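Q: Protein chains in written order, with our numbering: chain A, 1 to 717; chain B, 1 to 343.
Hints in this document: simulated from the structure, not taken from any laboratory.
Straight-line alpha carbon distances no greater than 20 Å define the calculated DMTMM-like cross-link-like pairs of lysine to aspartate or glutamate that follow:
| no. | chain 1 | residue 1 | chain 2 | residue 2 |
| --- | --- | --- | --- | --- |
| 1 | A | 227 | B | 17 |
| 2 | A | 309 | B | 140 |
| 3 | A | 309 | B | 139 |
| 4 | B | 201 | B | 212 |
| 5 | A | 309 | B | 102 |
Predicted model only: the values in this text are computed from it and were never measured.
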Amino acid sequence: MELIKKYPKLFQWLFLLIVFFALCFAIDVPETYKFIRGQAEFVKDPNQSSYIFLGKEVRYYAFDVFWRLPPLLGWLPIWINDSLFFLMNEWMPMEFWNEDTQEFKTRPLLLQISRNLTSFMTFLIELIREILLGGLETIVAFTSWDWIDKNPWAELPGLPWTIVAAGAAILSYKLSGKGLALFAGLTMIYISIFGQWKPSMQTLSFILVAAPLSFIFGLGLGIAAFKSKRVEKALYPILLVMQTMPQYAVLVPALVLFGVGDHAAVIITMVVAVPPMILLTILGLRAIPPEVIEAGRMSGCNNWQLMLKVLIPTARRDILIGVNQVIMVCFSMAVISAFIGAKGLGFNLLLALNQLNIGLALEAGLCISLIAILLDKMSLAWANKQTDYFGNLTFLQRNKNILFFASTVVIGIILAYVGTFLFKDTFNYLFEVPHNKGLSTADFWNKGVDWIFDTFFVYIKAFNTWLIQDVLQPMRALYLRMPAIATLVLVVGSGYLIGGIRSAIVVCALTLFIALSPWWDRALVTAYMATFGVVISCIIGFTVGTLCFQNKHSTSFMLGVCDIFQTFPSFVYLIPVMMLFGITDTSVLIAVIVYATIPATRYTIEGLRSVPTGLHDAATMSGVNKFQRLTKIEFPLAFPHMMLGLNQTIVFALFMVIIGAFIGTEDLGQYILKALSDKNGAGIGLTLGICVAFIGLIFDNLIRTWVGQRKKHLGID
Amino acid sequence: MSEPVIKCESVYKIFGENAQKMLDESNGIVDAKTFQENGCIVGVNNASFEVSKGEMLVVMGLSGSGKSTLLRCISRLTDATGGKIFIEGQDLLQLNNKELIDLRRNKMGMVFQSFALLPHKTVVENIAFPLQIKGIKTEDSISKAMDMVKLVGLDGRENYFPRELSGGQQQRVGIARSLAVEPDIWFLDEPFSALDPLIRKEMQDEFLRLQEKLQKTIMFITHDFDEALKLADRIAIMKDGIIEQLDTPANIVLNPATEYVRKFTEEVPREKVLLIEDVMDTSTKDNLGDLKVLKDEIIENVAEKILTQEKSVTVVDSNNKVVGSINPTKIINTVFGGRKNNN
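Kindly generate the complete structure, drawing on both the sequences and the hints.
A: What follows is the structure, given as structure tokens:
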């Protein structure tokens with residue numbers, strides 16, 4: 001009894017675990033239960049039960065409700081689908097004037113809006129793309145094909161790659177200095193001579209359209225949320241779900257609404273990129289000292305002046321960090337959007353992976369990574385750049401960068417012109433190196449991969465077999481062995497013990513949604529893969545982070561490494577693992593581990609670093625040794641922040657597991673991938689995405705609640 | 001006397017959702033405790049006072065006493081829950097948004113504790129900011145701002161950014177900015193509290209010099225009693241939202257109205273605060289010594305002279321007219337006496 005009084009929480013947790021295991025053992029696996037291989041749910045089988053709701057028939061294998069809940073939400077995807085179809089094709093038909101046929105045409109409103117939006121986006125993308133690469137679509141948009149036929153000169157020529165490279169270098173110089181300028185120049189030259197110019201510029205043009213639009217919408221909504229509590233309350237749940245929703249899953253509804261291609265991808269990219277911008281705008285505006293706002297008011301600002309001249313400039317840095325986020329999200333979406341037909345590097349990567357041409361994939365992946373780092377560094381440099389006074393400079397000094405760029409434009413054009421004589425019979429390499437006509441190291445890499453396979457095949461295979469047979473499969477079986485009721489009790493119980501009744505209700509609702517969807521088994525598989533990844537990632541990240549923290553140089557080095565790795569779109573991580581482990585669960589899990597170790601390491605270091613120096617000194621003066629300081633002072637204080645790292649690790653792991661479907665897994669991600677190629681897939685894709693987001697949100701809720709309490713308890717921030 | 005520049009009549013500021021309703025039901029008698037039980041926090045409780053033209057009212061109180069809240073009610077950065085506030089006879093709470101902005105653009109200036117400079121503007125741009133907001137052309141506003149830069153002694157640093165200045169320099173910018181529109185009413189919210197003691201003293205002297213020249217109507221907030229004594233024409237001492245005492249520095253030191261005020265006055269070196277006129281005897285004008293002292297001399301400056309006399313000393317005003325007398329015992333009593341009562 002003494003013990004119970006002393007550690008009440010501990011015994012509550014023990015009790016919860018006992019109930020959980022008791023339920024697990026008390027409820028037997030039904031004899032008819034079998035983990036169903038992919039898509040078998042859609043096969044009609046006389047053993048299935050069925051029910052009809054809202055006119056939709058849902059078929060499922062019925063079990064004891066304690067074992068598996070019936071998919072009472074099974075109608076939802078079908079219903080979403082039908083609703084979308086109705087909205088797009090039947091709702092509110094109206095007369096619209098058609099330019100091409102010169103007559104009125106009846107079309108549903110939403111379809112018309114979607115078509116208008118689509119053609120607008122297409123125009124924007126083509127415009128930027130043709131400025132970079134040349135073409136005539138933009139001119140056609142203003143005139144007609146006939147006109148172009150008569151005036152063959154009227155074609156945007158495109159910029160020679162030398163000019164774009166120089167432009168990137170000059171901009172980097174202005175933002176940050178020589179180092180970044182050099183990196184920008186080298187990156188661009190690399191892209192060009194390795195023949196990745198065209199796809200790279202396609203991707204870039206995609207970002208140049210998506211990022212500014214996302215920025216404008218994000219800033220606008222962020223300001224609206226800052227000004228009105230009601231708007232913020234309405235936006236909050238959407239922001240929350242979007243943060244944990246795999247980017248992949250939103251592609252599916254985009255297909256239905258906007259079709260296939262860059263334009264659909266741009267629109268859907270905005271959906272993903274706007275939330276972080278909103279969050280950072282709100283954050284930045286909130287962080288403004290109230291006295292600055294009062295000073296603005298007392299200066300006699302009206303609301304507009306206050307916003308434009310006081311609030312936004314003062315929150316400049318946070319807003320620009322938002323721009324950095326927007327750019328990075330846009331970039332990673334630009335890669336993933338290859339699945340719905342966006343052109344560019346992602347498309348080439350996907351193609352190469354599909355053909356198992358690892359060499360080509362590596363080259364594309366390297367380009368993607370380089371551009372990602374460049375964009376990240378440039379936008380961060382912009383955010384951190386402080387305004388300088390330039391009133392006392394001469395015209396030449398003030399505009400030297402612009403003048404310099406102008407002169408490189410002239411030189412670039414001259415070079416391109418000279419190139420027409422130099423390379424008479426082949427391509428004009430001084431203008432643009434055509435795709436796959438540059439240098440290529442693909443063969444080298446492919447040979448390397450072959451060599452690795454020939455040399456280490458036995459070991460890799462042995463490791464693979466061991467991992468799958470002795471670790472992964474038993475673990476998966478354990479997860480599937482959990483009766484639904486036991487899982488529910490465990491999750492809701494944890495919610496109650498951590499955050500009280502409120503948390504319990506939230507967590508219960510999220511879990512029930514997944515349990516009542518037709519994909520509980522898949523969700524368990526997703527959870528098992530994510531758990532495996534998270535556990536290993538945390539162990540690695542924690543150890544590496546702690547070790548690196550012992551030395552100042554290794555700390556900053558490791559944070560730099562994390563920074564760089566974090567900028568890579570998740571898709572890129574699949575290349576090296578496929579190279580080594582082929583198409584297996586092992587590949588996916590290793591990609592998950594690599595990807596999810598980044599936040600685990602980063603947050604460990606950041607947490608340890610946030611321990612105040614005063615405490616260090618106090619501890620040292622109390623005569624602790626290094627190890628005691630670590631265990632008695634640093635870990636307890638850093639732990640809440642490290643738990644936030646765990647939260648990020650879970651989100652990262654989930655994202656990667658879902659993308660891993662591309663390699664072939666049997667979890668929710670696989671179904672999302674299938675939904676992409678299904679014309680009735682929108683509802684399924686969306687529901688699946690929400691399921692994944694909810695898995696993330698369950699942990700997010702528990703961890704954040706716990707961290708909040710812990711920080712309050714310790715009196716941190 | 002002409003109309004007061006600032007006039008407050010039973011101003012209340014109560015935070016909380018039901019503040020308005022609870023205040024209406026309370027008939028003007030607000031008890032902080034009952035309000036707190038109902039989720040309301042009383043910021044300002046029944047504040048009534050006037051500030052006349054060219055006068056400096058210092059509101060003194062510890063943190064949480066409601067002094068800043070009172071100032072924000074009068075500048076209408078926050079709306080008072082109850083009561084009336086008149087600025088030059090205009091009912092402040094009845095102004096619409098446009099009129100309020102006009103009032104701020106032309107009549108009011110405010111200085112903040114944390115300086116509240118715009119980080120993206122240079123010194124001169126910060127000072128020109130209220131002028132530009134008003135719609136004055138850039139060139140004119142900059143040249144006007146340059147005058148202000150000279151006034152506060154920042155010449156040569158006009159193109160610096162706030163981040164490149166020390167605290168004292170930043171507050172000079174804040175002061176210059178608040179004066180740029182040549183306001184009649186000047187609000188200062190603990191302007192020197194964030195500064196080091198030496199710089200603070202320097203800034204106080206500088207501030208007195210400025211006020212000598214400009215003669216603004218001032219509400220000055222501080223938590224430093226010495227600062228209040230040094231600067232004020234009159235002091236209002238606040239506690240828990242209530243003005244405990246509002247009087248001249250001398251009267252507060254000599255006759256503290258409440259126990260709370262007395263605590264502040266205990267440690268005050270009276271000889272540095274009080275004038276001869278505050279302690280002189282106005283009834284006895286005969287049989288005086290030859291020494292004459294001016295009535296608005298600080299005691300400290302003349303104490304030595306007076307104490308060496310045996311007879312009472314004649315007190316005269318600036319026209320050399322006899323207005324009263326003072327004897328050495330009175331000086332000794334003032335400086336050393338009276339405090340025994342508190343022990």
